[in-house]
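**Q** Chains W, D and S supply the protein sequences, listed in that same order. Its first residue numbered 0, the first sequence is counted upward by one per residue in numbering that gives the first Met the number 0. Its first residue numbered 0, the second sequence is counted upward by one per residue in numbering that gives the first Met the number 0. Its first residue numbered 0, the third sequence is counted upward by one per residue in numbering that gives the first Met the number 0.
Note that these hints are calculated values from the structure, not bench results. All residues carry an ideal CB built from backbone N, CA and C; glycine is no exception. Some hints here could point you the wrong way.
Claimed, not checked - Covered by chain W, according to a simulated footprint, are these stretches of chain S (three or more residues, beta-carbon under 8 Å): (1) 79 to 91; (2) 96 to 102; (3) 187 to 196; (4) 257 to 269.
What the hints assert, rightly or not - Derived lysine-lysine pairs resembling DSBU-like cross-links, with alpha carbons at most 30 Å apart: (5) D:3 x S:153; (6) S:153 x S:211; (7) S:153 x D:131; (8) D:146 x S:153; (9) D:146 x D:131.
Claimed, not checked - From the derived model, a few chain S residues whose C-beta atoms are all more than 12 Å from chain D: (10) 49; (11) 55; (12) 120; (13) 181; (14) 184; (15) 203; (16) 281.
Residues per chain, in single letters:
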Amino acid sequence: MTHLPYIAAAYALAVLVPAAYGLAAMRRLRQARARLAALDPRLAVREPGR
Amino acid sequence: MTRKRRRLYLLLACGLGVGTAAALALSAFRDNLVFFVLPSDLAAQHPGPERTLRLGGLVAEGSVVRGSEDGHPLARFRITDGRDAVPVTFSGILPDLFREGQGVVALGTLGQDGVFHAAEVLAKHDETYMPKDVAEALKQKGLWNPKAGPPPPASTWNTLAPAKAGG
Amino acid sequence: MTAESSAAPGGFEMASRAAMFRPVDALSSLATPAAPKAPGRGLHRFANPGRFLRLAAALQPWLTAGGLILTAAGLVWGLVFAPADWQQGDAVRIMYVHVPAAWLASAGYLALAVCSVLSLVWRHPLADLAAAEIGPVGAAFTGICLATGSLWGKPMWGAWWVWDARLTSVLVLFFLYLGHIALIRAFDDPTRGYRAGAILALVGVVNLPIIKFSVDWWNTLHQPATISLTGAPSMYLGMLWPLALTALGYTLVFAALVTARTRAAVMERRIRALLMAAAAREDGAVPVAA
């Protein structure tokens, strides 16, 4: 494959950056859900937890 | 309701204003927004020997002469836009995509002798994407000469089966 | 001594006080003080955070799974099975990440602009939160577009970067995103941040047609569009399919990220409101002697 370093770097960026965002969003979501449940269980059940 | 409508109209008016301002600004700076000038621009008006500028166009067919001078590679070719052509000299490594018929943009100065001395040559590829065997098939059938210009309309080749095209 | 007299003086305290009690009183309409009660008023039906959270939670797995599967399929197809270009060789494979990222950078900004109109004209509370969450995601995709473009430009053009109209206008888009991210969070009063961010986003919309048409209006090093609405794409179909897959996949990934972040933001706002309400009750229960 020609230009392999450039291709590899481009694909790595294109996969890793959204993946990092996804993991951060997941963590933030889980944290928010837990805090909300701790504050008020009545509110927490409004969202079907997964 | 009326407040919302008023805000909407206000927003539309502001949008109109910003759009007009941007359009005016862009047309005022029109000459500075071009990345390169064409050979016919240079033929119309010599920019002066001191002025560094970018010259863009196609590498003229049959014009490339690769030599060397004092151990450095020296390439001579002509950049054309179909109407005028400017001879160019460049000492350095040409980009991989450089070939006759390829779009290039050269940064340099135009000498009094009418020769453009490039300090840097960039390749400008077109918006066509085509597998190698399809390109070969088009060339074999005489439908396209890459040295002479852009490929034929995409609808004539973009569904060619590569197996058939390669054979 | 009453709760009011124990509060610190100042208009802001009083105003937030008033907002604090709302969540405790009316759980269902919390954080939507501006939502009108008129039934069926289109846009504001989704302003109810409870309804939004339920809808978004139901949508999330489809967006996430669809985005991951389509993107993975498109990337593998583009990286391994799609043919190399006759003149660019394998470097053309960078297109399968660069072009979708570029589309999403513009489309994301368009979404940001729509949220800003909803926010400025209709004062839609969810649009505020969504705008604040679209910004960082859009900036990331613009960053991917710029970086992969650079990685493509070096081997093909011979330069990492040139100041032509296309590249420069996309860089401006990147800075618009960054400015929006900073501005919308720059105020103590979030409402003012939302307002300022929305205005910045709408002024920046003028950049979108410039990006789109820069390659047609001016001569640029960047090539013009391969895919147009009017003509056949000047691209081999075996290259178009993986591009379509990654573009669709990236769109779903973008939507999934924004949805997840907005859900978290809605819940965080709820948490803040509950904490403030709890603090207010405590203040009231244990009055401080003046």
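**Q** Going through the earlier hints one by one, which of them does the structure break, listed in rising order?
**A** Hints 3, 5, 12 and 15 not satisfied by this model.
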